[in-house]
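Position chains B, C and D against the provided structure of chain A, taking the given hints into account.
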Amino acid sequence: MIPLAPFLVVSAALVAIGVFGALTRRSALGILMSIELIINAAALNLVAFSQHIRTSDAESTAGQMFALFAMAIAAAAAAVGLSIVICIYRNSKTVNVDKIDLMRW
Amino acid sequence: MDFLPALIPVLPLLAFAVIITNGRRLGWSACLVAVGASLTSAVLAALVYSRVLLSHETLAWSFEWVRWGETALRMGVRIDGLGALMLFMVTVVGTLIEIYAIGYMAGDKTFSRFFAFVSLFMAGMLGLVVADNLLLLFVSWEIMGLCSYFLIGFYFHRPSAAAAGIKAFITTRIGDVGLLIGMILLWWTAGTLRFDELLLAVPALAGLGDAHVDLMLTAAALLIFVGTIGKSAQFPLHVWLPDAMEGPTPVSALIHAATMVAAGVFLVARSFILFAQFPAALTVVAWVGGFTALFAALIALTQNDIKRVLAYSTLSQLGYMVMALGLGAYAAGMFHLITHAFFKALLFMGAGAVIHGFHHVQDMRRMGGLWGKMPWTAWTFLVATLAISGIPPLSGFWSKDEILLGAFHESPVLWVAGTFTAFLTAFYMFRLFFMTFTGRQRDGEIHAHESPAVMILPLVVLAVGAALLGIPGSPWMGLWVQHSLDVPAYALAHHHHSNLVMGLSIAVAVAGIALAWLMYAPRPTIQPARVARAMGRLYTLSLNKFHIDEIYAALIINPTRALARGSFRFDLGLIDGAVNGMGWLQRALASLKGLFDKWVVDGIVNLLATIVQALSAVFGLIQTGRVHNYLLLASLGALVIACLTWWNMG
Amino acid sequence: MPLLTITTFTPLVGLLLILLFVDGRRVNTVRWMGVIFSFLPLLLSAAIVAVHQPSNPDFQLVERLSWIPALGIEYHLGVDGISVPMVVLTALLSFVAALGSWNITDRAKEYWIFFLLLQVGMFGTFVSLDLFLFYVFWEIVLVPMYFLIGIWGGPRREYSAIKFFLFTLVGSVAMLIGFLAIYFAVEPHTFSIPVLLGRTGSLPHTLQSVVFLAIFLGFAIKVPVVPFHTWLPDAHVEAPTPISVILAGVLLKMGTYGFFRIGFPLLPEGARQWSFAFAVLGVIGIVYTAYVAMAQRDFKKLVAYSSVSHMGFVLLGMAGFTLVGFSGAYFMTVSHGVLSGAMFLCVGVLYDRTHTRDLDAFGGLMARMPIYGGMLILFSCGALGLPGLSGFVAEFLSLLGAFGRHPWLVGISVLGIVITAAFMLLMMRRVLMGPLNERWANLSDISARELWSLIPLAVATIALGVFPPLLMHITDPTLARMLGIIGFEVAP
Amino acid sequence: MSYAEYLAAIGPEIALTIAALLVMSIDALWPRSVRAIPWIGIAGLLVTLAMLPMFRAERVAFSGLLVIDPLAVLFKVIALISVILVALLSISHRPLRGFHEGEYHTLLLFFAVGLMFLVGAAHLLMIYLALEMVSLAAYLLTGHLKLDPRSSEAALKYYLFGALCSGLFLYGASILFGLTGTLHLDGIAEAVRASGLSAALLAALVLMLIGLGFKIAMVPFHLWAPDAYEGAPTPITALLSVASKAGGFAVLLRVLAVAFPLEALDWQPMLWVLCVVTMSLGNVIAVRQGNIKRLLAYSSIAQAGYVLVGVVLMRQTPAGLPSAMIYLIAYLFMNIGAFAVVIVVSNALGSDKIEDYRGLARRAPLASASLAVFLVSLTGIPPLAGFIGKFYLFAATIDAHAYWLAVIMGVNSVVAAFYYFRVVRAMYLDAGKSEEPIGTARPLQVAVGVTLLGTFVIGVWPQPFLLFAAALPLGF
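Residue numbers (our numbering), protein chains in the order written: chain A, 52 to 156; chain B, 15 to 664; chain C, 4 to 495; chain D, 7 to 482.
Chain A with its partners taken away, still in its complex shape:
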């Protein structure tokens, strides 16, 4: 049984990469991907916890269930995100996030 710590480390690393990616990628799609990373990291975390920590038997599978839901929702979010990015591309012919600053101040 792999102990809990590595899972947490991997998950934390994934979140860090995701946040870093979101902050630096210039293309909207890049940001989308990094957000997916964060969600998966959280799912990993959930699954790891559900396996290792003592929970009441009613909630023994809560973690996995939450992870499943998280993945489903991530998919939905990705779909919505992509559609918005396509709209942006169709209107302003770019997905470069730094160029999309029609509204400021």
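Calculated directly from the structure, the hints in this document are not laboratory data. Cβ coordinates follow ideal geometry from the N, Cα and C atoms, glycine included. Don't take every hint at face value.
Unchecked claim - Listed next, with one range per pair, are the computed distances between beta-carbon atoms:
id	chain 1	residue 1	chain 2	residue 2	range
1	B	MET663	C	PRO5	26 to 36 Å
2	D	VAL413	C	PRO207	19 to 29 Å
3	A	GLY81	D	LEU52	39 to 49 Å
4	A	MET122	D	ALA206	32 to 42 Å
5	C	ILE9	B	ASN662	57 to 67 Å
6	A	MET122	B	ARG640	27 to 37 Å
To be verified - Mimicking BS3-like on lysine-lysine, the simulated pairs with C-alpha atoms at most 25 Å apart in a straight line are:
id	chain 1	residue 1	chain 2	residue 2
7	A	LYS150	D	LYS439
8	D	LYS152	D	LYS359
9	A	LYS150	D	LYS152
10	D	LYS439	A	LYS144
Same frame as chain A, now just chains B, C and D:
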């Protein structure tokens, strides 16, 4: 019938109301309403003071004006000996002057307004005389101040008259404010403002020997005296009286000679109980009076405007009265007040007749030889001049002699000053007489004419008064006037008669007249011009009134205006702010990319608005429109929150 | 018969009628309805005076209805000695101002709607006995005033309108915090003033003085007290004449009434601790603004600064903690309402004819406009405190009351009286005296309508001046009871 | 869980879902009847609203996933009323007319369903699920005007910000699950009380706060709001500023009050700082906004700050929570009313610049008067709803002896008056360029009427609303 005295001031008040409301309809007949009112009140007054003087009783009647809980303010009238005498003087002189004014003011298109204000003035003066407490006295005092403002500024289209009016009102106002504080101080220490209650309360309080109470009462006395200095134009608040000559002459006669200016002296007499308890207050009064007398006489020597000379002479005579009171010669002071009212009113009316006949020229240097053209005026003027110079048996001599007698016993320095002033008085009065009535008329083309009968009649009556009024107060009639004043016990006893003082005062008067004859007679032996050069700086000093006006302008008036402008700028600058005041802040903040919009920026009040604008512009910048910045700032924010809470928790 | 509710909400009825049934273009009907609905409260206030027995000091004509039980707030109206005169003054000045706004024709409908709403707020403030209700009516006055100054005002109207609004808003926020502090400090939490009257005296002194400070800020801005007064000259100069009559005549009084109703009775210890600062601010108000007024070129600004100076007397009078002082301070509130209202009307009469307020532009108008000149002189003399008019009685009693506790401050404040006399006379000289300025050769004298709006004020000034018990017999029992609660200084 | 119990628990939600599906199918099958769709949607919402009182009985449904309690019911009412009003606004909003109205109103209804679940969720999974459902619907609605670059830009920024925040929220939830071993909020509370403070717990709270902070546009997670509000079609801006914010507050209240007991982790100072910063920043930046929608965006951020005051003082004074509730109710009417008038003006003038509002009073007396009423109420002047809300908040601060907070709130309301009255000044005091009057569409008139009525009624007769708000027992 004891509320009769209360009617005396009310009648002229009604006349004022009637005239002011339908001035146009009344037109000329306004003077009849005014004179009628003052005549009836004169008759009423006669009933009252004859009863008071003959049977030595005091009429009093009062009603409750305002009540708070248990403290209450009662208002009413009270006529004692002093009040009776003043009533006699005010009503007689007032009515005569009103009759005289009919002639003098004839043809003036604002005729009715003049008589309206004169009636209001009479109401004020009579109210002052009959008042039984300081508050009602103060109310009438201020109403008189207002009338003097209107009447001085009567020819309001003349800027100088308007300015003189304001000068008079504000200078007296300074005095009144002193009186106001004195009254309040008195109320808090003695607990009452009614004269009869003061007669009992003040000696009791003084008897306590408590230093603080004594200090308070002395302060109250001095503050009340400040009121007198303002109203009776004593030094240093005397500057307004000479300028008050801008008003028509009947006004000068009535207000600035006989009655109003005497009100200050009357006030000190009314509250004499307060002064008598504290010698410190009395000496101040005496010295201020003495100095004013001498100071005004010196200035009168060199004046060339006939009314200015009389104005300074009034100042000097008022100084005499105040000095008399200050020396404790209470009866002498009041007696001089009565006689002075008569002959000074006559002098002014005589001067008025001269000016009226001389087509409104007031400069004596252009007059001369009017004796032939205006015989009645000249004769009555001569009687009055003799009276004021103190030539027996005229009234001026007896009253002035009483004062000098008192001065002789009390303080020799003041006696010398008084006598010297008497000499100066005789000199400048006869200088005036000779320059106007004797010799040739220097300014040829003005052909003077005698005044109409309606002006001559009052002159004659007053001349008789000036001549004979001295008798009742003279030893021949056993000083009847002084005794009838029911001199309060605390006043100094009457001094025994001294021939030295009487002789010296007569000699001084005659010397003055002789010197005047030498210098200003038809063929002057001593050329006034050479004397003027000889006196040199003294002469010029006296001519422009010791530059007091200029000093006041520099010390008080201009700094006040500057202070006013300064506080307005302060009000705008610091609290409210003019734009330039905020210039440096704007430049400092403007560097943050065009921060200010069209709002007017001012002062601390709008400094806040400016700061809010600046902050708004600064923080607005974080909204760069780029998602990256948002995400970055969001995560930084989360980090900061986590650290802060951890640090706070830890 | 809920007399107070009817008086307060009659203007609201008028407002709704105009709003719903009258078409904006028919200016005449709007004007007439406006004047009628401003006149009705005058009759009603006369009824209130008749019904009110001055001798018994506690609240009469009380109307009580629970409004928000969740917070213990009631719709609680009542009048006593110090609110009856205020209601009468408001009614009188509103009617006079209504007469004065006769020739306002552009956007007349909106004008009258805001004007009537203003009246509702003013009446409500003077009759409400519940702190919350008082606050609600106090704030209702703000918005219509903003629009009245903002839309019909002079050149810099927007600036002075928003300045007026923000100043008063800051004050009322501070006041709200103060009211809530009182609400929570008293054990059975309540806003009703009669209940609080007896109880708040025993609150800890530190709390009282802090809360008094908060409430003081609220009222001081309205009075106005010197450091917070800079909105007044702007608001006055820019406001149309009838509105500045209301502003000076009634709105300033809401501040002083607040001190009489809430400041001193509810927080006696707080008031006592701040009494010296209070008096100092009063004296500064008198002397400082008198000097500023002296430097004014604009007629209206001069009158505005002079009214700040007069309100200084109210502060001084109250700081004396004597019955005489309070009575004088209240007398000044009423007398100043009448006098400043009249002075602004006079300014308005001149402005309507000459369209300028610069004092140097006038001169010698006495010849052309004798009746107007007489009226102006009468009111200026009242303002400078000439005995025989109401100004003097108020000043004298306030100084008398304050002398016991602050002798030196009274001494200094007297300088203010001299300066007031100076600038009033200088104003009179510049406007009425001197050679007639040929520009105004054909000026017409005061019209009947304007005269009839001045005459009631003139009668009031003279009547109050000659016979002050006319007002005092109403106010003094209440003030005595209030001082009984506060524990007043030993009056002579 | 028998079907009866299901129905009893989520009856209204089910009805609304049916309505949503109905609207979707009508749009698909009868494209010609596009005019009727919005009204069907509104009818569905009204039915759900009517059903709510029957489903008020307190109970825990779906083994702890959902809970029906006074807080949930109150927020459901707020949510439904605001969505109904938004639907009304959308009918006559010109750019929306005839532009995929079917999808628009379906999404709107699903948004409402998501919101109803969100306010009732007492389980981390349920919270995340509902949060996502609401957010996704909101992203799409914001980007609805595909052809307008501003709308899609707004949607993008909103989406990216929201997705990141909800990702972090999920991560925080996972950590919390790890720490406490349960997903039920009350279960978490016991575990947290037992285990006490730890770095991981704080990390979990902060991460979850990011997700919730984003929802209620609390500083520093508000950066998306101004652009999203300005870009989105105005009805949706109203929706975001009221409905989704109210939902966010419901969850925040439930999480903070239930899951994080004070004795374990004192979150009050942190929230105090956030509340003050939100209030002040919102007001300060709003001062110089030229566009009315951005101005209202910043104003709604500031209003969130005021409501946070109630949340911060929730534990210290019984008046804390009710004051937040009453303020939210008042805020609902004022804000949506203001947006309604913004729509009226943008329909006629096609611009949202405040300069174009000059002289509006003469052109559209009724509309400008109601906007003036809404702005004055937002400033907190009696006798309007805003005052009652602000008064109750002040009462809470004074009762909790948080005097500094009261002073800051005071200063903020003065700054707020400054910019609200810039709009009023433009309308009334400045002269407009043209004089021809502006008409308002019938549904808009209804919306403005309802909100106006709400503002006046709460202002003059707040008693029922106070009882309604005060019914929330603290511990729920």
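Structure-based check of each hint:
no.	hint	verdict
1	B:MET663 x C:PRO5: 26 to 36 Å	violated, 58 Å
2	D:VAL413 x C:PRO207: 19 to 29 Å	holds, 21 Å
3	A:GLY81 x D:LEU52: 39 to 49 Å	holds, 45 Å
4	A:MET122 x D:ALA206: 32 to 42 Å	violated, 24 Å
5	C:ILE9 x B:ASN662: 57 to 67 Å	holds, 58 Å
6	A:MET122 x B:ARG640: 27 to 37 Å	holds, 31 Å
7	A:LYS150 x D:LYS439	violated, 36 Å
8	D:LYS152 x D:LYS359	holds, 22 Å
9	A:LYS150 x D:LYS152	holds, 18 Å
10	D:LYS439 x A:LYS144	violated, 38 Å
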